[in-house]
Each structure stands twice: as C-alpha cells, then as structure tokens.
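Novice: Here's the letter readout for the chains.
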Amino acid sequence: MTTTNTTPGTGPVEHTDRGPLTTDELAARIARDIPAGSYVNLGIGQPTRIAEHLPPDAGIVLHTENGMLGMGPAAVGDEVDPDLTNAGKVPVTELPGAAYFHHADSFAMMRGGHLDVCVLGAFQVSHHGDLANWHTGDPDAIPAVGGAMDLAVGARQVLVMMKLFTRDGAPKLVPACTYPLTGTACVSLVYTDHGVFAPGPDGVRVLETYGTTVARLRERLFVDLLP
Amino acid sequence: MTTTNTTPGTGPVEHTDRGPLTTDELAARIARDIPAGSYVNLGIGQPTRIAEHLPPDAGIVLHTENGMLGMGPAAVGDEVDPDLTNAGKVPVTELPGAAYFHHADSFAMMRGGHLDVCVLGAFQVSHHGDLANWHTGDPDAIPAVGGAMDLAVGARQVLVMMKLFTRDGAPKLVPACTYPLTGTACVSLVYTDHGVFAPGPDGVRVLETYGTTVARLRERLFVDLLP
Amino acid sequence: MTATIAATADEAVAGIEDGSTVLVGGFGLAGMPFDLIDALIRQGASELTVVSNNAGNGDVGLAALLKAGRVRKVICSFPRQSDSYVFDELYRAGRAELEVVPQGTLAERMRAAGAGIGAFYCPVGAGTPLAEGKEVREIDGRAHVLEYPIKGDVALISAHRADTMGNLVYRKTARNFGPVMATAATTVVAQVTDIVPVGQIDPETVVTPGIYVDRLVRAEARRLTVQGAR
Amino acid sequence: MTATIAATADEAVAGIEDGSTVLVGGFGLAGMPFDLIDALIRQGASELTVVSNNAGNGDVGLAALLKAGRVRKVICSFPRQSDSYVFDELYRAGRAELEVVPQGTLAERMRAAGAGIGAFYCPVGAGTPLAEGKEVREIDGRAHVLEYPIKGDVALISAHRADTMGNLVYRKTARNFGPVMATAATTVVAQVTDIVPVGQIDPETVVTPGIYVDRLVRAEARRLTVQGAR
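Residue numbers (our numbering), protein chains in the order written: chain A, 1 to 227; chain B, 1 to 227; chain C, 1 to 230; chain D, 1 to 230.
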C-alpha cells in the first residue's frame, strides 16, 4: 500500500508556500493516501469527514464497527432510519454491496487485521507510535473507551488525524504519551495540520510539512525528527 | 428434564418377562426419554435411528454439527441434494423452521451447552461417566475424532446408546476405560440392551434392566452397582 | 427448549431475580429493547449488573432503570455520552460500579460465554490501563491480555422478526449485540416487531436460531427519535 | 482490497508457494472446492500443509492432491473414512504427517486466526490423548486445553453465489467451513456457481462479506454423486 506520495529516500517535502492545512484540507490529504479498493474505518469525529473526499469511483468500502460494510453518506430527510446508524450513532445510508453482521463478527474483522486502514483522532501520539485517544487522565472523568482500543490494535494501517498542537501550543506528537494509552506502537502515520509524520522504533520521520519546515518543527517538538 | 420414567428412590425396574432390547427397541426407549421441545444431536451410527421413534408432534429439533438445526429424515429420490447432508454425510431433508450456520457457530452452539441432549455410541463408559468412543487404541489404527469430543463436552445431557457387552462378552460399562478417552465424567445415562445405567461420582445406579436382574448384572460387570 | 410467546412484556420478563446479570442489547437506539427494559422496571428486580454498550441516554430505557436505583454495576464500553447524566450522577455519587471494557472485547467475552470458551488471549488493551491486574502473555511477539467470559442470567434483546420457533432476523445495524447476547444468557427474551408462522423465515437467513431464544414478545409500536448523540 | 474475478481456476490459484498452509473447505462433497483443488494440482505447489475436515475420498479432490505427492501434513478431524485409501497408504508409509483436531476445535482455531485471538482455553479434549503436550488450566472447576490459531496462507472454498465485490452466500450445509476459512487465510479463493452484479445480494443475508475474499472464479458444472460414506 502506498501511504504517501513522497518517494522514500528523497526526504521531506516542505510546503512553505502556504499555511497549515485546514481540517478540510487535512481530510482531503488523508483521502489521497487511501488506495483504491481499500476497506476503511473512519473514527468518530473529524476522521468522518475524510469520506467526503474519497473518489466515488475508487471502490473504497467503509466499515462501521457497529456492524456494517458498505456504509454510505449521512442520511437526510426520509432516508433517516433508526435502525441504520454509524458508530457515532448518526443516521447513515447503505451502498450497493453492503453487508450487515453482529458486533462479535464486526470486531473479529477488525481485530483479525482485515481492515486495510483506520483513521483515528488522538490526544497524543508518541515517537514510537503509541496512541492516546480515549481518556484525558482527568481523575474526575468517567472512563469510556468504545471501540478505540480495538481499532488501534486491529487495522493493518492505523492513521492518526489530529492538530499537531493543542490550543495551548503543547505538541501532541510527544516522546512519551502522558495521557493513558489506547495502544502501543500501533500508529503508522500521523497526519496533522503542520505535517505528516511516520513514527517508528527509531523515531519520527517527517514526510511533509505545511506552512513550516522540518527545522522549525524541530524547535517546537520534543521528539527526534530523523534526518 | 425427566430422563427416565423411573421414580428416584424406588429402585431399578427389572423387566424379567422379556429378553434384552433389540437395537430398534433401544432406540425407541431412548426416544421416550427425550422431552418435548428439546434440541437434540443424534450421533453418527445407531443413535441416528432414534429419530424414527420421536413423536412428530413433540417439537423436538435435531441439530447436525455440520451446520443445521431442524434436520428432517433421510432424503429419498429427488429430495437428494449434495448440499444437504447430516454429519454422517448422508443426504437429509430440511424441516420448516430450520436454520443453517457455519462450523464455528455450530460447534459454539454445542460447546456452549445449548443442546439439551446428545446421544452417542461408545466403546466403553466408565462408572464415573468417562467416555471412550473415538479410538480403539490399536497402534495401527489411524486416529480420527470428528466431532465426538466436542459433543461429549458440550451437550447438557450426554446419553450413550450401546450394547452392554462386546461380541466376546466383555462388559463395555467398566471401572476405567482401557480405550483412549473421548471425554471425562461427561456421560449422564447409558442405555443398553440389558439395562439403563446412571454413572456418577459415587458409582453406577441401575435404572432398569431388560431380560436380566441387577443381581445377575452384578455378576457380569466389574463395576459397583449402587444399591 | 423451544420459545414461548409471551402476551405482554411484563410476562416476558417475569421471574428475573435480584442480583441478576442482565445483558441488554442495542447500540444507541438501534436494537434497544425498550419494552423489555420498561417491563423490567415494573417487575422490580434490583441489585442488577447490566451489561450493555452504553449506560443509558436521557431519561428512558437503561437510564430509567438506573434512575429507579435497580443497578449495582454497569459493564460497558462507553458510559459517557452527551446525555448520560443519570449514570454520570450515580457514578460520581459512588452509587453505581463501572467496568469499562473495549467494545470488541465486550462482544467477544459474551461470545466466549455462549461458545463454551473458558478464556481467551486478546491483544486489545495490552499496555493500557484497562489491562491492569489482568494476566498478560506474549504470543507471536505480541502482548495479549487474558479475558474471561461474561455470562448473563438474562438477555433482553430486540430483533426485527421471529418465527414461532424463536428464529430471529434483525434489521440493518440494529443487529449489533443481539445475536451475541442471545448466545450468552441462561434466559433470552426478545422483543420483535413481528412473529410469523414457522417456515416463513428462509433458513439461510436466520441470524439467531431459535435454540437460543426462550421468550418472545411483540414490541409495542414506538416512534423513535434519532439523535446524533454518541 | 476488493475481490478480483479470475477467468479460470488456474488463474485463481496462481502463485501458491511450496510449503504453504492451505485451508480447504467442504464436509464430504458439500462445499468441497473441486475446481480449485484440481487447479492446485496442475499449479504444482508442493510440501503443503492441508487443513480440512477430512483427508480425501476416493481418487478425487484432496485424495488426488495427496496422491500427487504434494502434501507434507494434514490437519483434520477425521482422516479415516471408508474410501480414504490414498491418505491411509501415505500415512502408514510415513509419507504424510497427521494432526488430528476435534472438529469444533478445528473450526474455532481457524476462527481465532481470523478474529485476532492469540489463543483460547477450550474444554474439548481435556483429559484425552489429544490434549497431551498441551497446556491445561482449570477454569470454573473444569479443565481447559490451551489452543492456538490455525492460519492459512491460502483458503480454497466453495460458495453458492457471489457478487462482484466478493460478498458470498452459501447453500444449506455446504456452508460448513467456508465462512470460517475465509476469515483465516492471507489469500482467499472462492469458487462459486454464480457471480451477480453488486446490489443483487441482500445485505442482510451476506454470510461472508467481500472483505474476506480475494479471488473469485465460476465453478465448472459438475455432477456430484452423493455417497453415504462418512
């Protein structure tokens, strides 16, 4: 699977002629990396927006973990059916070639490595690809995990879609997650407004930057960016 | 579930006014003990013949472990369909209300304790209810187990249908199985031509005899028959 | 034993005892057995352990059962929702225990109960706080957590259609936990839109064979409002 | 990735490597992928481990593959049949290894491979010779044997109908191992009676979703003789 247009070995592509990606541009950027014919799970929240950017003729099939392959766009008007929702409990539609299955089968599909790609939001990703996206660690918070841990472990490629910095400017790509983990060493690529990163056992490779350079990112991040 | 008409505490019923049960009578005797509405698996071989004696209006549903509930009688003539066989690979028919499922689901149903009764043939049953019915122990024999071990472990009531003695006159209800085991302490009741027995942790209780008495069976068997 | 058809939801939930573990189907509104939950509230069993994906929304269904003070413990994957205020309050007040289980592990643990599997090693949650206190084993270079079955005394589920033998079919994503829970409880009660004579469900399309279903009841007509709440 | 439709069975089995583990569907004749097995014989891969319920009947199908000397090991529940003379000879001559697995455990081990379960504790076989050398643990007062997944490099299965996305439905008891094996192999090849356009299989009735299927081929018309052989 080609996960990026960047040819390995040529080093990062620095898009300095523009600012950071908007959420919509980021969704489109990720959509571009999803190969035709893939089976894909788009996590609740921002990753859902990637669907709008998938080419209709690419034969990409969406999985929703509440028990369906071949999920279509959000339902509108008369299409709304209380028996047909996505994992975010939003009414959706069914595409030709869809299939329904129960929860154990759906998560078996996920855990067994049959999904090509899933895209998740994140609070933090570590330079080795650990993921934290289910719990802020706030002692007053009520823990709730849903399918996040199953997705993190199951898909062949786990892509993260997130802003690179919190509102306070703290990096979310970190040496070690301070939030409770969702999964360890599970993230393949991190797509952010400022760039695309590949975490790994040796550290983080930068694939692209947007509105910034690797050099400037080195100053703002506390992780080793591989040369 | 009432597994026998013998009232507990009244001791064994000795049918001395007749000879041992024929295979057909034995099948009918077992059929009589299967409650209306039960889900039942009849093992390959002689237990299959029990089906002929089940009252059609009792709503007993037959399971075949190759993936079906609601199995009907053997197929004849045009009914024969290569896609519809029982566990013995004999063409069978489908009754109204049937359901098909795959092997993992079928054995999950069995292992999970959802079948009320299964009836199996046996080489030997021990006085504690150990079952040996898959392998003669002959070093030259090619081992083959099929679903025997799954059935022995799974059904709520495992009934054995067998002759009480081998052709050589050796008892098949024994203190300890000499053949390789299929399952341990799994047999509820043993139906034989000479009598019906309930093995258990304390030994064997005799429920009925046919053409013999408990006293005479004591002489021929090497197991303790409880008073 | 074959399924019995109850005249009312109250009859369908009769006999549920205090302290029971109750598996409750549904994901959001889809597949939620509202009639059976309402009947369970009227029936009065308390000190329940409820196993479900969520911990109730608004003031209806599971939330109403919680509000009535009948639930000692919730085992679920996602209690926190925009309108889960009933659970939130009970939890914060220390009046409801919570066991959070990853969604797929929740389903698989119930499958294990129904399938006679004693325990299984699962990679999900390894290295996270949800694996704390659990046995971990490395298999094929990957950490796996040992997970045990979740068995219910009762399952309350909702399906689309039943025949009189209890064979069930579902509708779209309302299938969700129903087929799994039906295998995992001693007594399985299903509310269905429709009960048809035997022979009117194609045997190839049965999702829950009747062997798993103990009691059936026709669902009351109910107009569900679809919300986008998680 | 979505399924490709092969023009011939030979194209469908192309690339199977020596030493592969091949899962072969079917129970007796029902669901046996005869075209794919014949093509595999022509394709020539050897030193195979074959996982199937039986070890071949007569001179056709798996028996022919065995006779051609391509199989190093058979993992199955029931090799011995009235007409399993090809396997019997090879086994007695020490030219084929055999691992006998209880039928349900065979299915469950493949399910585990497909479902990402690292291992599971199973009560079947505990206290019998088939548990020898295996880890045993007492759970809830009952002995359980630790069983590991069986994963295939290739699965060869037979189904009734496919759509062009690879969604499969089966017919009656020919369903047997197909849906499980489809989840448990890296490359899944299905021979089907019929391939229909997308949208012509009701999504509620799909048994094997297309995500599991890599290659499809139309089966040749074949007149099967039903035998009563075990």
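There may be inaccurate statements among the hints.
As the list claims (entries may be wrong) - DSSO-like cross-link-like pairs, simulated, lysine-lysine; straight-line CA separation at most 30 Å:
(1) C:151 x C:67
(2) D:67 x D:151
(3) C:73 x C:151
(4) C:134 x C:73
(5) D:151 x D:73
(6) C:151 x C:134
(7) D:134 x D:73
(8) D:151 x C:134
(9) D:134 x C:151
(10) D:67 x C:151
(11) D:134 x D:151
(12) D:73 x C:134
To be clear, the hints were calculated from the coordinates, so they are not data collected in a lab. This one's a predicted model, so the numbers in the text were calculated from it and none came from an experiment.
Novice: So, for every hint listed, does it hold in this structure?
Specialist: Each hint tested on the structure:
{"no.": "1", "hint": "C:151 x C:67", "verdict": "holds (24 Å)"}
{"no.": "2", "hint": "D:67 x D:151", "verdict": "holds (24 Å)"}
{"no.": "3", "hint": "C:73 x C:151", "verdict": "holds (14 Å)"}
{"no.": "4", "hint": "C:134 x C:73", "verdict": "holds (20 Å)"}
{"no.": "5", "hint": "D:151 x D:73", "verdict": "holds (14 Å)"}
{"no.": "6", "hint": "C:151 x C:134", "verdict": "holds (19 Å)"}
{"no.": "7", "hint": "D:134 x D:73", "verdict": "holds (20 Å)"}
{"no.": "8", "hint": "D:151 x C:134", "verdict": "holds (26 Å)"}
{"no.": "9", "hint": "D:134 x C:151", "verdict": "holds (26 Å)"}
{"no.": "10", "hint": "D:67 x C:151", "verdict": "violated (48 Å)"}
{"no.": "11", "hint": "D:134 x D:151", "verdict": "holds (19 Å)"}
{"no.": "12", "hint": "D:73 x C:134", "verdict": "violated (37 Å)"}
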